[in-house]
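Enquirer: Residues per chain are reported as follows:
Number of protein chains: 2
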Amino acid sequence: MSQSISYADAGVSIDNANRAVAKIREYARATFNERTLTEIGSFGGMFSGAFPGMDDPILVASADGVGTKLKLAFETGIHNTVGADLVNHCVNDILVQGARPLFFLDYFATGKLEPDVTAAVVEGMARACKENGCVLLGGETAEMPDFYPPGEYDLAGFIVGVVDKPKVIDGKSIVPGDVVLGIPSNGLQTNGYSLARKLFFEVGGYTVDSYLDELGTTVGEALLATHQSFLPQIGPLLSKNGDKSVAAPIKGLAHITGGGFLENIPRILPDGVTVEINRGTWTELPIFGLMQKLGNVSDQEMFRTFNMGIGMVVICAEASAETMIGQVNCFRIGRTTTGKGVSIV
Amino acid sequence: MSQSISYADAGVSIDNANRAVAKIREYARATFNERTLTEIGSFGGMFSGAFPGMDDPILVASADGVGTKLKLAFETGIHNTVGADLVNHCVNDILVQGARPLFFLDYFATGKLEPDVTAAVVEGMARACKENGCVLLGGETAEMPDFYPPGEYDLAGFIVGVVDKPKVIDGKSIVPGDVVLGIPSNGLQTNGYSLARKLFFEVGGYTVDSYLDELGTTVGEALLATHQSFLPQIGPLLSKNGDKSVAAPIKGLAHITGGGFLENIPRILPDGVTVEINRGTWTELPIFGLMQKLGNVSDQEMFRTFNMGIGMVVICAEASAETMIGQVNCFRIGRTTTGKGVSIV
Chain S
14 MSQSISYADA GVSIDNANRA VAKIREYARA TFNERTLTEI GSFGGMFSGA
64 FPGMDDPILV ASADGVGTKL KLAFETGIHN TVGADLVNHC VNDILVQGAR
114 PLFFLDYFAT GKLEPDVTAA VVEGMARACK ENGCVLLGGE TAEMPDFYPP
164 GEYDLAGFIV GVVDKPKVID GKSIVPGDVV LGIPSNGLQT NGYSLARKLF
214 FEVGGYTVDS YLDELGTTVG EALLATHQSF LPQIGPLLSK NGDKSVAAPI
264 KGLAHITGGG FLENIPRILP DGVTVEINRG TWTELPIFGL MQKLGNVSDQ
314 EMFRTFNMGI GMVVICAEAS AETMIGQVNC FRIGRTTTGK GVSIV
Chain V
14 MSQSISYADA GVSIDNANRA VAKIREYARA TFNERTLTEI GSFGGMFSGA
64 FPGMDDPILV ASADGVGTKL KLAFETGIHN TVGADLVNHC VNDILVQGAR
114 PLFFLDYFAT GKLEPDVTAA VVEGMARACK ENGCVLLGGE TAEMPDFYPP
164 GEYDLAGFIV GVVDKPKVID GKSIVPGDVV LGIPSNGLQT NGYSLARKLF
214 FEVGGYTVDS YLDELGTTVG EALLATHQSF LPQIGPLLSK NGDKSVAAPI
264 KGLAHITGGG FLENIPRILP DGVTVEINRG TWTELPIFGL MQKLGNVSDQ
314 EMFRTFNMGI GMVVICAEAS AETMIGQVNC FRIGRTTTGK GVSIV
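Line order of the protein sequences matches chains S and V. In terms of this note's numbering, the first sequence opens at residue 14 and continues consecutively. In terms of this note's numbering, the second sequence opens at residue 14 and continues consecutively.
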C-alpha cells in the first residue's frame with residue numbers, strides 16, 4: 014500500500030478539464046451580449062431577466078440531443094458541426110412557439126477528455142449561437158472513464174427563449190381549410206440516424222467515404238449536413254404575429270424532428286383537425302429515396318422517421334398563403350381538414 | 014430486397030418512447046405550479062417570465078450531470094435516487110449566487126429504452142423538483158442504439174432560477190478576516206466517483222453489497238447517499254441578503270463539487286484573498302478516511318477531489334458568524350486571509 018493513487022489514476026484529469034474549459038471560455042465569451050452578467054466559471058450563468066418591451070414575457074425552454082448523428086462525427090473526425098446541429102435544433106424547437114432564443118447551455122460527456130475534440134464541438138455550438146443571437150451561457154464538461162468508448166462522446170443542449178404572451182404561436186386558431194406550407198430541409202436534420210446508418214452502412218455496405226452520384230457527395234458528408242435554423246426566415250414574422258392588423262399571421266409551426274411528419278404535425282393541431290399532405294408538391298431530397306430503396310422501407314415508416322425534405326411546417330389561413338410564400342422560402346404541401354392525425358396522399 | 018426495414022429494426026422504438034413519455038408526463042405534471050403555462054409534449058416548455066416583486070431580475074442557469082455515480086445505480090438496480098442527485102446538485106449550483114430555482118429540464122440517453130428504468134429516474138427528479146419548489150418543465154429522452162451498453166444511461170440536467178440583482182451573492186465583499194463556515198454533506202454528493210469506485214472495487218476488492226462496519230452500511234448504499242439540497246437551510250436567508258440592515262449577510266457561498274475544496278472555494282474569492290481551512294474542526298465522514306487509507310491517497314488529492322464532509326461553504330463577517338451558526342447547521346472551519354488559493358492546515 015505504498016503506491017499512492019490519484020484522481021488521474023482513476024482516469025479523470027482535472028488539469029485536462031481546465032485546459033478544455035479555457036478554450037470553451039474563449040468561444041463562449043464571443044457570444045456574450047449586454048444581457049450577459051457573468052463569466053463562464055461561475056457556478057451558474059447569469060442573464061438579465063427583465064423584458065421591458067413585453068406585456069407578459071413567457072420563457073420557453075427546451076432540451077435536446079444530437080442522437081446517433083454523433084457517430085458520423087466519430088467516423089469522419091469532423092467535430093465542429095454537431096454543436097451547430099444541436100443549437101439549431103433547440104432554436105427551432107422554441108421558435109415553433111414564437112420564441113426567440115436568449116441563452117443556451119450544453120452538456121458534453123466523454124470517457125477521456127481530448128481538449129481539441131471538445132474545443133471543436135464547442136466551436137460549432139458557439140458559432141451557431143452567435144448566428145442565432147443566442148448566448149452560450151455555460152455548460153458541463155464531464156470526463157467519465159469507462160462510460161464512453163474511446164473517441165466517443167454524448168452531447169445535450171438546453172435553450173431558453175422568450176415570447177410575449179400575445180405573440181405565442183400555439184396552433185389554437187388552426188381550422189379546416191387552412192394551408193400547410195413546408196420549409197425545405199437540407200438533409201436528415203437531427204433524427205432518424207440509427208435507421209439511416211443501418212441502411213447505408215449495414216444494408217448498403219457503404220462507408221462514410223463512399224461517393225454516391227445520387228447524393229453528389231460522400232455518404233458521410235450528406236449525413237452530416239448541418240441542421241438549419243429557421244429563425245432567419247421566421248424571425249422577421251414573429252414580432253408581427255398576434256397583431257390583428259397583420260396580413261399573414263402564422264397559425265402554427267411544427268419542427269419536423271424525431272417522429273417525422275406523422276408525429277410532429279399533430280402536436281400543434283386542435284382536436285378534430287387533420288392535415289392532408291400532398292406528396293410531390295415539394296422536392297424530396299435524393300437521400301430519402303435512396304434510403305427507402307436500400308431498405309425497402311414503407312412510406313409510413315419513412316414519414317414517421319424522417320423529415321422527407323421538409324424541415325418545418327407552417328400553417329396559415331388560405332388568404333395569407335401567397336403573402337407567406339413571398340416571405341418564406343416554402344412549398345404549399347397540403348391543407349387542413351376535419352379528422353384526426355396526418356394523411357399523406 | 015423484399016424484407017422491409019423499419020426504425021424499430023434499427024433499435025429505436027417510438028412506441029416505447031411514447032410509453033416512457035406518458036409516465037414522465039405524470040411525474041412532471043405533479044411539479045407544475047401557477048407559473049407553468051404548458052404541457053409536456055409541446056416542443057418547448059413555457060414558464061412565466063414576469064417577476065413583479067423584483068427590481069432587476071437576473072436569471073441564473075446551470076447544467077450538470079451525475080457523472081460515474083450512475084454506475085452505482087446500474088450496479089445496485091436503484092434508479093430512483095440519481096435524478097434527485099442531479100436536481101439537488103443543480104439547485105445548489107445556482108443557490109450559491111443567491112438564486113431560487115424556477116424550472117428544470119433533463120436529458121436522458123440510453124441504448125435501449127426500458128420504460129420502468131426511465132420512469133424511476135424521472136420519479137427521483139420530479140420528487141426533488143417538488144421538494145425544491147422547482148417545476149420539471151420538460152426534457153429529452155433519447156434512445157441511441159450502440160451508444161450505451163445494455164442497462165446503462167447518461168443523465169444531464171439544466172436548471173434556471175432567479176435572483177433580484179441587489180441580492181446576488183458573488184463573494185465580492187469578502188475580505189481577509191472573514192469567517193469560513195462549512196455545511197456538512199452526507200457523502201460524496203456527485204463527484205469523485207471514478208476515484209471512489211477504483212478505490213472500493215479495484216483496490217479494496219469490495220462489491221456494492223459489501224457491508225463495512227466503518228460505514229455502518231453497504232458500500233453501494235454509502236456511495237449512493239443522495240446529494241442534498243442546501244436550499245432548505247440557505248433559502249430563508251436569501252430574501253434578507255443585500256438588505257444592509259440584516260445582521261448576518263452571506264458574503265459568499267461555494268458548492269463543493271468536482272475539484273473538491275481546492276478548486277471550488279477560490280471561485281468566489283476576490284483577488285488577494287485566500288482561505289485557510291482548519292482540518293479537525295468538522296466531522297470528516299468515515300467514508301473519506303476509508304478511501305484515503307485504501308489508496309494511500311495524498312491529502313492534497315483528497316481535498317482536490319472530494320468534499321471531505323463539507324457540502325457547501327459559507328463565508329460571512331466575523332461579527333455575523335454566531336448568528337449564522339444559529340441559523341444554519343454548520344461548523345466554523347476556517348478564515349480568510351491575504352494570499353492566493355486555499356490552504357488546509
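Just so you know, these hints were derived from the structure itself, not from any lab. In this text, all values refer to a predicted model and were calculated from it rather than measured experimentally. One or more of the hints may lead you astray.
Short derived list, chain V residues pointing at chain S, Cβ under 8 Å [as the list claims (entries may be wrong)]: (1) Gln-16; (2) Ala-76; (3) Gly-80; (4) Gly-124; (5) Val-188; (6) Tyr-224; (7) Leu-250; (8) His-268; (9) Trp-295; (10) Glu-297; (11) Gly-352.
Beyond 10 Å from chain V on every Cβ pair, some chain S residues (computed) [stated by the list, open to error]: (12) Met-59; (13) Thr-81; (14) Ile-107; (15) Gly-151; (16) Pro-158; (17) Ser-207; (18) Arg-210; (19) His-268; (20) Thr-318; (21) Ile-338.
For glycine and all other residues, C-beta sits at the position ideal for the given N, C-alpha and C.
Enquirer: Each hint should be assessed against the structure and marked as holding or not.
Expert: Going through the hints against the structure:
{"no.": "1", "hint": "Gln-16", "verdict": "holds, 7 Å"}
{"no.": "2", "hint": "Ala-76", "verdict": "holds, 4 Å"}
{"no.": "3", "hint": "Gly-80", "verdict": "holds, 6 Å"}
{"no.": "4", "hint": "Gly-124", "verdict": "violated, 10 Å"}
{"no.": "5", "hint": "Val-188", "verdict": "violated, 20 Å"}
{"no.": "6", "hint": "Tyr-224", "verdict": "violated, 22 Å"}
{"no.": "7", "hint": "Leu-250", "verdict": "violated, 17 Å"}
{"no.": "8", "hint": "His-268", "verdict": "holds, 6 Å"}
{"no.": "9", "hint": "Trp-295", "verdict": "violated, 22 Å"}
{"no.": "10", "hint": "Glu-297", "verdict": "violated, 18 Å"}
{"no.": "11", "hint": "Gly-352", "verdict": "violated, 20 Å"}
{"no.": "12", "hint": "Met-59", "verdict": "violated, 5 Å"}
{"no.": "13", "hint": "Thr-81", "verdict": "violated, 5 Å"}
{"no.": "14", "hint": "Ile-107", "verdict": "violated, 4 Å"}
{"no.": "15", "hint": "Gly-151", "verdict": "violated, 6 Å"}
{"no.": "16", "hint": "Pro-158", "verdict": "violated, 5 Å"}
{"no.": "17", "hint": "Ser-207", "verdict": "violated, 4 Å"}
{"no.": "18", "hint": "Arg-210", "verdict": "violated, 8 Å"}
{"no.": "19", "hint": "His-268", "verdict": "violated, 6 Å"}
{"no.": "20", "hint": "Thr-318", "verdict": "violated, 5 Å"}
{"no.": "21", "hint": "Ile-338", "verdict": "holds, 23 Å"}
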